[in-house]
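Taken in sequence, the protein lines are chains A and B.
Position one of the first sequence corresponds to residue 1 (UniProt numbering), numbered consecutively onward.
Position one of the second sequence corresponds to residue 1 (UniProt numbering), numbered consecutively onward.
The set of hints was computed from the structure by calculation and includes no laboratory data.
Please note that a few of the clues may not be correct.
Chain B side only, calculated, beta carbon under 8 Å to chain A, not exhaustive [claimed, not checked]: (1) ARG129; (2) ARG130; (3) PHE136; (4) THR137; (5) GLY361; (6) GLN371; (7) GLN376.
C-beta atoms are modelled at their ideal positions from N, C-alpha and C, and glycine is treated no differently.
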Amino acid sequence: MEIGVDRERCAGAGMCALTAPEVFDQDEEDGRVRLLTARPVDGQRAAARLAAGVCPAAAITLGD
Amino acid sequence: MTHEPTTHEPKTHDEPTAHEPTAHEPTTAPAEVTAFPTARHTGCPFDPPAELAALREESPLRRMRYPDGHHGWLATGHAAVRAIMADPRFSARYELLHLPMPGFEEVEIPPAAPGDFTGMDAPGHTRYRRLLTGRFTVRRMRLLTERVEELTAEHLDAMAAQGPGLDLVEAYAHPVPAQMICELLGVPYADRKQFTGHVATLFDQRADIEAKGAAYGAVESYVKGLVAAKRAEPTDDLLSDLTGTDLTDEELAGVGSLLLGAGLDTTANMIALGAFALLSHPEQLAALRAEPGLAGPAVEELLRYLTVADPAVRTALEDVEVDGRLIRAGDTVTLSFQAANRDPARFPGPDRLDLRRAATGHVAFGHGAHQCLGQQLARVEMQIALPALLRRFPTLRLAVEPSEVPLREQNNIYGVRSLPVTWDQT
Numbered sequence: 001m002e003i004g005v006d007r008e009r010c011a012g013a014g015m016c017a018l019t020a021p022e023v024f025d026q027d028e029e030d031g032r033v034r035l036l037t038a039r040p041v042d043g044q045r046a047a048a049r050l051a052a053g054v055c056p057a058a059a060i061t062l063g064d
Numbered sequence: 001m002t003h004e005p006t007t008h009e010p011k012t013h014d015e016p017t018a019h020e021p022t023a024h025e026p027t028t029a030p031a032e033v034t035a036f037p038t039a040r041h042t043g044c045p046f047d048p049p050a051e052l053a054a055l056r057e058e059s060p061l062r063r064m065r066y067p068d069g070h071h072g073w074l075a076t077g078h079a080a081v082r083a084i085m086a087d088p089r090f091s092a093r094y095e096l097l098h099l100p101m102p103g104f105e106e107v108e109i110p111p112a113a114p115g116d117f118t119g120m121d122a123p124g125h126t127r128y129r130r131l132l133t134g135r136f137t138v139r140r141m142r143l144l145t146e147r148v149e150e151l152t153a154e155h156l157d158a159m160a161a162q163g164p165g166l167d168l169v170e171a172y173a174h175p176v177p178a179q180m181i182c183e184l185l186g187v188p189y190a191d192r193k194q195f196t197g198h199v200a201t202l203f204d205q206r207a208d209i210e211a212k213g214a215a216y217g218a219v220e221s222y223v224k225g226l227v228a229a230k231r232a233e234p235t236d237d238l239l240s241d242l243t244g245t246d247l248t249d250e251e252l253a254g255v256g257s258l259l260l261g262a263g264l265d266t267t268a269n270m271i272a273l274g275a276f277a278l279l280s281h282p283e284q285l286a287a288l289r290a291e292p293g294l295a296g297p298a299v300e301e302l303l304r305y306l307t308v309a310d311p312a313v314r315t316a317l318e319d320v321e322v323d324g325r326l327i328r329a330g331d332t333v334t335l336s337f338q339a340a341n342r343d344p345a346r347f348p349g350p351d352r353l354d355l356r357r358a359a360t361g362h363v364a365f366g367h368g369a370h371q372c373l374g375q376q377l378a379r380v381e382m383q384i385a386l387p388a389l390l391r392r393f394p395t396l397r398l399a400v401e402p403s404e405v406p407l408r409e410q411n412n413i414y415g416v417r418s419l420p421v422t423w424d425q426t
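Bound-form chain A, shown alone (with noise of 0.2 Å):
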């Protein structure tokens, strides 16, 4: 699984941060996506999903 963020669509709402924090932060100036990891490991994966899922600006993409 490969992820990818739009930072250009980010609206900031921070629910990737909070539904897996292991991949995903929030920039400290303007709370927009950070990535932490583009090739989430195992244990990672169904929160990443999720978190694109819920994402309400659908900036989060997951390639294979």
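Mind docking chain B on chain A? Use the hints.
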């Protein structure tokens, strides 16, 4: 009496004939809907108006005749609500909207005032939002945990000192989040008489447009005075920090008014109505009291189940196809978050309060670029305030019959007007 799932069953069996013809795609035009349903007459204060469920079953996205005669739409399904809220081709600009509640038929809604970014689209909305999201991150809000714990403890102490038999809204649910948003913004809590009544008018659906305009003016002028003071003498708070950005005084006053209004009465209603819901579901309440780890999921489920802020309104800027329906440019869509959060296609057994359910994905904070800015603050407040209340008063119970609790009907933020509670003194 409780509101456990079993009490809901007869209700759903009462109405099958009303739903039957619409289980499949209707062949004839369905009965016209002429306003957003708001009346709750199911006997369960936590359920959305029953009509919403019937309309969703019929079609999650359907035509609705607005009180001003506009032929627009009503979205009640979770997927349709999400799709439209996330789509930038739907505008939030006030002046483009037709309102789904009666009382505004003759009124031209003015565009959003400077700083009132809920009524703006990109790029104006984006500019404000990006100045603010860094201040409301998950991490920053969790740093407030200790302060929220102090505030809850202070108010719980005051309740204990006052003794059993009091209004939980006044003693706890309102002041804790109100004091918190004031501290965060840099608004002296002692000034609250200058704005709380006006903020209440803004949410009250019985107030007319003149009353709302006057109320907004009063809040805005109060915040404007505060902004001038912060410019002269900055303090350690959000409003002072924002004076260091390119926002004008007028824009700052608008932003401050919006955040104050949004933070004052929203979480308060979730805490009070949440306490009422838990007291009406004793097994769920016992689980939350016993398991500190349940606070996170419990708050998500309460948000889903109660969804106090509803609905949102958007207008299509161009023709858009959603769910196989063509929404024309200029058409207004009313989006019901409470209906979406009870959509059985997304949440099995949606009318059951189940704190252990995976409720993530609810739209209680909205969806899309406008999704609630303060949601992480609201989560921290609720996750602390509700369990702390239950643990402090192990025998907490309603002091009146559930049916006697006065509800906030005809209000943009649903909840209880007061919640008389009592407990055994130890």
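**Request:** So, ARG130 (chain B) near chain A? Judge it on the closest CB pair being under 8 Å.
**Result:** With a closest approach of 5 Å, the ARG130 (chain B) hint holds.
**Request:** Mind checking the CB of GLY361 (chain B) against every CB in chain A and telling me if the closest is under 8 Å?
**Result:** Where the cut-off is 8 Å and the nearest Cβ of chain A is about 5 Å from GLY361 (chain B), the hint holds.
**Message:** GLN376 (chain B) was flagged as interface toward chain A. Is the shortest Cβ-Cβ separation under 8 Å?
**Reply:** Nearest chain A Cβ about 5 Å off; hint holds.
**Message:** Take the shortest C-beta to C-beta distance between THR137 (chain B) and chain A; is it under 8 Å?
**Reply:** holds (4 Å)
**Request:** Double-check ARG129 (chain B) for me: the hint is only fine if its C-beta lies closer than 8 Å to a C-beta in chain A.
**Result:** Interface hint status for ARG129 (chain B): holds (7 Å vs cutoff 8 Å).
**Request:** Hold the hint about PHE136 (chain B) up to the distance rule: shortest CB distance to chain A must be less than 8 Å.
**Result:** Hint holds; PHE136 (chain B) Cβ to chain A Cβ min 7 Å, cut 8 Å.
**Message:** The hint names GLN371 (chain B) as touching chain A; please verify it with the least Cβ-Cβ distance against 8 Å.
**Reply:** At 4 Å from the nearest chain A Cβ, GLN371 (chain B) passes the 8 Å test, so the hint holds.
Every hint, counting from the list given before, is met by this structure.
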